[in-house]
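The primary structure of each chain is shown beneath.
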Amino acid sequence: MIRERYLNALTLALFVAIPFWAITADEPFTITLMTRAVVFAIAAVGLNIALGLGGLVSLGHAVFFGLGGYAMGILAYHAQNYTPLTEWPFLIEGTKSMPLIWLVAVIVSSLAALVIGILSLRTAGVYFIMITLAFGQMFFFFAISWAEYGGEDGLSIYVRNGFPGLNTLDPIQFYGLCLGLLCLVLLFAWRLSGSPFGLALNAARQVPVRVETAGLDPVRLKLVAFVVSGAITGLAGALFADLNRFVSPTMFSWQTSGEIMIFIIIGGVGRLFGPVVGALVFVALEHWLGALSDFWHIYLGLLLLVIVLFGKGGLIGMLCGREAVHD
Amino acid sequence: MKFVTLAAAAALAIGLGSANAEPVKVGMITTLSGGGAGLGIDVRDGFMLAVKQAGNKDLEVVIEDDQQKPDIAVQLADKMIQSEKVDVLTGIIWSNLAMAVVPSATAQGKFYLSPNAGPSALAGKGCHPNYFNVAWQNDNLHEAAGAYANFEGLKNSFLLAPNYPAGQDALTGYKRMYKGELAGEIYTKLGQTDYAAEIAQIRASGADSVYFFLPGGMGISFLKQYKDSGVDLPVIGPAFSFDQGILQAVGDAALGVKNTSQWSKDIDTPANKAFVESFQAEYGRLPSLYASQGFDTANLLLSAMAKADVKDADAFRAALEEADFASTRGGFKFGPNHHPIQDIYVREVIKEGDVYTNKIIGKALTSHADAYWSECSM
Amino acid sequence: MSLILLIEQVLNGLQFGIMLFLMAAGLTLIFGVMGLINLAHGSLYMIGAFCAAAVAAATGSFLLGLVAALAGAAIAGALVELLVIRRLYTKDHLDQVLATFALILIFSEGTRWIFGSFPLFLDVPDFLSGPVTLPGGIEYPLYRLALIAVGLAVALGLWLLISRTRLGVQIRAGENDREMIAALGIDIARLYTIVFALGAALAGLAGALVGAIQSVQVGMGEPVLILAFVVIVIGGIGSIKGALVGAILVGLTDTLGGIFLPEILKLFLDPSTATSVGSSLASMAIYILMAAVLILRPAGLFGARA
Chain W
1 MIRERYLNAL TLALFVAIPF WAITADEPFT ITLMTRAVVF AIAAVGLNIA LGLGGLVSLG
61 HAVFFGLGGY AMGILAYHAQ NYTPLTEWPF LIEGTKSMPL IWLVAVIVSS LAALVIGILS
121 LRTAGVYFIM ITLAFGQMFF FFAISWAEYG GEDGLSIYVR NGFPGLNTLD PIQFYGLCLG
181 LLCLVLLFAW RLSGSPFGLA LNAARQVPVR VETAGLDPVR LKLVAFVVSG AITGLAGALF
241 ADLNRFVSPT MFSWQTSGEI MIFIIIGGVG RLFGPVVGAL VFVALEHWLG ALSDFWHIYL
301 GLLLLVIVLF GKGGLIGMLC GREAVHD
Chain E
1 MKFVTLAAAA ALAIGLGSAN AEPVKVGMIT TLSGGGAGLG IDVRDGFMLA VKQAGNKDLE
61 VVIEDDQQKP DIAVQLADKM IQSEKVDVLT GIIWSNLAMA VVPSATAQGK FYLSPNAGPS
121 ALAGKGCHPN YFNVAWQNDN LHEAAGAYAN FEGLKNSFLL APNYPAGQDA LTGYKRMYKG
181 ELAGEIYTKL GQTDYAAEIA QIRASGADSV YFFLPGGMGI SFLKQYKDSG VDLPVIGPAF
241 SFDQGILQAV GDAALGVKNT SQWSKDIDTP ANKAFVESFQ AEYGRLPSLY ASQGFDTANL
301 LLSAMAKADV KDADAFRAAL EEADFASTRG GFKFGPNHHP IQDIYVREVI KEGDVYTNKI
361 IGKALTSHAD AYWSECSM
Chain C
1 MSLILLIEQV LNGLQFGIML FLMAAGLTLI FGVMGLINLA HGSLYMIGAF CAAAVAAATG
61 SFLLGLVAAL AGAAIAGALV ELLVIRRLYT KDHLDQVLAT FALILIFSEG TRWIFGSFPL
121 FLDVPDFLSG PVTLPGGIEY PLYRLALIAV GLAVALGLWL LISRTRLGVQ IRAGENDREM
181 IAALGIDIAR LYTIVFALGA ALAGLAGALV GAIQSVQVGM GEPVLILAFV VIVIGGIGSI
241 KGALVGAILV GLTDTLGGIF LPEILKLFLD PSTATSVGSS LASMAIYILM AAVLILRPAG
301 LFGARA
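Residue numbers (my numbering), protein chains in the order written: chain W, 1 to 327; chain E, 1 to 378; chain C, 1 to 306.
Since the hints were made in silico from the structure, they are not lab data.
These numbers come from a predicted model, not from an experiment.
Mixed in with the good hints, there may be bad ones.
[Unchecked claim] Sample of chain W residues facing chain C (criterion: CB under 10 Å; computed from the structure):
#1 L85
#2 W88
#3 S120
#4 Y127
#5 L303
#6 V306
Just so it is clear, CB atoms sit at the ideal spot from N, CA and C, and this is done for glycine as well.
All chains should be modelled from the sequences, with the hints used to inform the complete structure.
Next comes the structure, spelled out in structure tokens:
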């Protein structure tokens with residue numbers, strides 16, 4: 001535990017130190033890469049609440065990532081074209097304000113998580129994996145054929161959305177904003193896992209019968225976890241769209257779901273900083289391996305295999321020893 | 001990072017007599033891995049062939065793989081602009097990736113030369129002085145097919161395209177020129193591989209011809225199944241499904257099919273002959289449409305470099321607008337929205353020895369511009 | 001819409017469903033016996049198609065290509081089971097998903113590395129090409145009829161294998177009680193390898209058969225894989241009968257939905273809106289079907305109650 005704390009602190013220090021180095025060395029692209037890692041980390045922290053805490057292996061979190069992205073895309077698209085979203089039953093205008101967009105992203109993805117959760121939690125185990133995967137495909141095909149918002153071409157937003165008091169076009173300021181959100185989300189996840197809800201959820205994952213005898217409904221606990229998890233991943237989706245100033249159905253693809261899951265596995269399931277370490281390592285691998293070979297997916301695949309087969313609890317597990325969270 | 005720095009034979013470099021002192025750095029973002037890699041590899045090979053032939057040591061090219069993912073393409077564009085400090089971007093194959101990259105790159109003052117994608121948004125209202133399309137506007141080949149259908153006296157076409165923006169644009173383009181009736185119009189699922197249901201509808205529709213736009217593997221599947229179904233209505237398609245790269249995978253099913261293209265390997269100009277020969281010598285395969293577009297893109301860039309300094313954006317833009325290079329497709333010039341005004345041919349798929357390829361049988365449109373230039377104000 | 005067209009479309013849906021069954025049967029068998037969720041099943045489908053295309057190109061014989069597809073996919077399956085999958089039986093589903101996802105990456109890029117980035121050529125053999133006229137004047141491609149026949153034959157063969165042979169007894173025992181069959185002295189490791197190779201061979205066969213009328217290219221397996229998942233979720237995981245029924249349901253829904261939804265919507269909407277909305281709905285139809293089945297029967301149509 002102690003070692004894990006040092007490692008967590010070191011990770012956070014890296015997230016602060018690398019961009020500072022990038023500024024002094026005039027490597028602005030490194031900041032973009034780090035922002036990507038931070039946003040992925042937020043998405044994965046979200047999934048980790050369902051996966052690590054609730055034991056829900058969702059292969060459909062791209063739905064929430066994509067919905068967050070499209071919340072940003074659609075709102076900003078209407079704002080930049082000065083057209084209202086809808087005039088009936090009442091007028092809704094687009095917006096270029098990040099806090100508003102985040103709010104919409106979180107609400108929309110929570111609602112979707114609620115509906116998908118209610119349906120999917122009727123099942124468990126492999127059924128759950130497959131049904132979440134199928135919901136992802138449903139949204140993916142819908143987004144592709146939704147011509148009004150670009151279909152497969154996606155939506156381009158020419159200028160990044162604004163945040164009061166910041167110049168979000170400056171890479172380092174946008175990075176700081178994302179990092180701040182990551183810290184908030186981490187704090188939330190940490191408090192959640194120690195709360196009575198988190199403990200009950202943990203118990204529901206391990207011995208559902210005992211939770212039931214205690215008068216709690218394990219399915220309801222898991223549903224709440226799924227909704228919270230979807231909401232956070234949705235927030236990450238909005239940030240990702242703002243980072244790229246672009247959204248497309250790719251955000252809904254099942255490979256995206258797989259990648260968010262990969263971040264957690266690389267770092268360590270159920271560990272607070274697992275998704276953060278995983279996202280950082282993944283972005284670094286993508287950057288360096290991609291430059292080495294056109295066939296870098298082979299190396300990524302081999303690395304994943306090694307971690308799954310021989311790594312105990314991801315990188316954090318290998319460095320800090322096994323903890324009783326991952327079973 | 002794959003740097004291809006060209007310190008080639010000095011004699012060649014002198015021959016070009018470049019007027020600029022500053023070297024030009026080009027960032028190429030294209031698809032080199034995954035299912036769509038064939039197109040990107042051809043564009044890259046065509047482009048690098050022209051660069052090698054020119055031997056201009058003031059030109060440096062950085063090539064990166066976008067994996068056909070828009071977010072990766074955006075990230076690479078950021079990297080090339082922020083870290084590599086490139087002057088010119090090029091290479092993107094897919095319209096959706098172009099839409100993700102081009103507007104922000106040109107807004108940052110970079111030049112973008114498109115070797116393939118030509119979405120209508122960038123030809124009309126979204127046009128930009130720094131954006132040049134060297135291939136076509138997306139609708140062009142479809143418009144040519146519509147014109148050819150009129151020429152052949154076809155009166156009742158059945159249309160087929162995937163349900164995504166490029167598919168909708170394709171059928172709109174065809175209908176813009178085509179004057180006959182429609183026997184049917186189907187939008188299929190993107191990535192669909194089985195067309196039995198659609199072929200049955202074609203059979204039942206009483207159509208006299210079929211026009212389809214199904215790029216990549218979708219077109220291969222459709223043609224094989226169409227041939228096997230026994231429906232023998234004439235088929236017309238854009239060049240994408242009859243390109244050198246995938247024709248071998250379609251085989252006999254493609255023989256005799258008419259397709260529209262702005263380029264063909266038998267265009268009888270010295271520049272094209274030299275291109276086809278040198279491409280074969282360099283890479284050991286016949287060049288494709290995409291390779292010719294990559295080759296032309298590089299030559300356009302080289303022609304502008306010989307006339308102006310890339311740091312002087314206005315002069316460089318003027319030099320690009322002149323399009324003073326020997327295009328593989330014969331006549332080539334830019335319209336007011338920086339999209340090509342060019343001839344579009346009708347080709348027929350034939351077999352030369354063991355190799356399936358195309359030969360020109362006529363010209364569908366002469367000096368054709370796109371439909372959106374009047375909406376462009378720059 | 002004429003009756004002939006309707007019958008033709010039903011045949012198309014049936015043929016699509018039967019091919020999905022070949023994929024789904026392997027998946028559901030592997031899950032039923034070993035409790036393993038295998039995302040890399042689509043890669044085995046691709047391997048089958050590539051083996052068939054390579055051998056058919058070298059020998060000129062489609063049948064040899066089919067044999068190569070069966071053998072190639074079975075060997076690839078057995079190797080993967082011995083090297084990787086074997087270590088996953090005791091792990092949770094999450095690890096299985098991740099490890100088999102990693103296998104997809106390796107297989108896809110590995111295939112591209114060996115065969116290049118362009119699609120390969122594989123064609124319907126001469127003796128099966130062209131249409132035949134069915135009673136009632138329906139013209140239908142002979143090859144597609146052959147696919148239906150082969151698929152039904154495989155279904156029958158599987159049923160015989162499982163209900164009548166020693167291996168089948170072991171497989172059924174493995175589905176019900178894993179400790180028991182180990183106690184009975186059956187070499188469980190060998191059984192698992194055989195079952196995995198069998199599932200892989202079925203996927204490879206499907207890949208080769210379908211490859212002749214589609215495009216043989218990297219990434220061809222994943223869309224089919226997802227459909228096969230939908231099939232076994234609808235049918236009930238572990239049930240071969242469920243896989244057959246689910247596959248035909250999905251095949252018919254997908255094929256007929258794509259035709260009739262736009263037509264039905266044209267009654268209410270203008271034609272172009274109807275076409276685009278109808279196509280969008282049709283592409284989601286099977287997922288809606290799956291959600292509906294799961295609401296009514298969470299363990300699928302033929303699944304044991306979880």
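**Study point:** Earlier hints that do not hold, by number
**Key:** 1, 2
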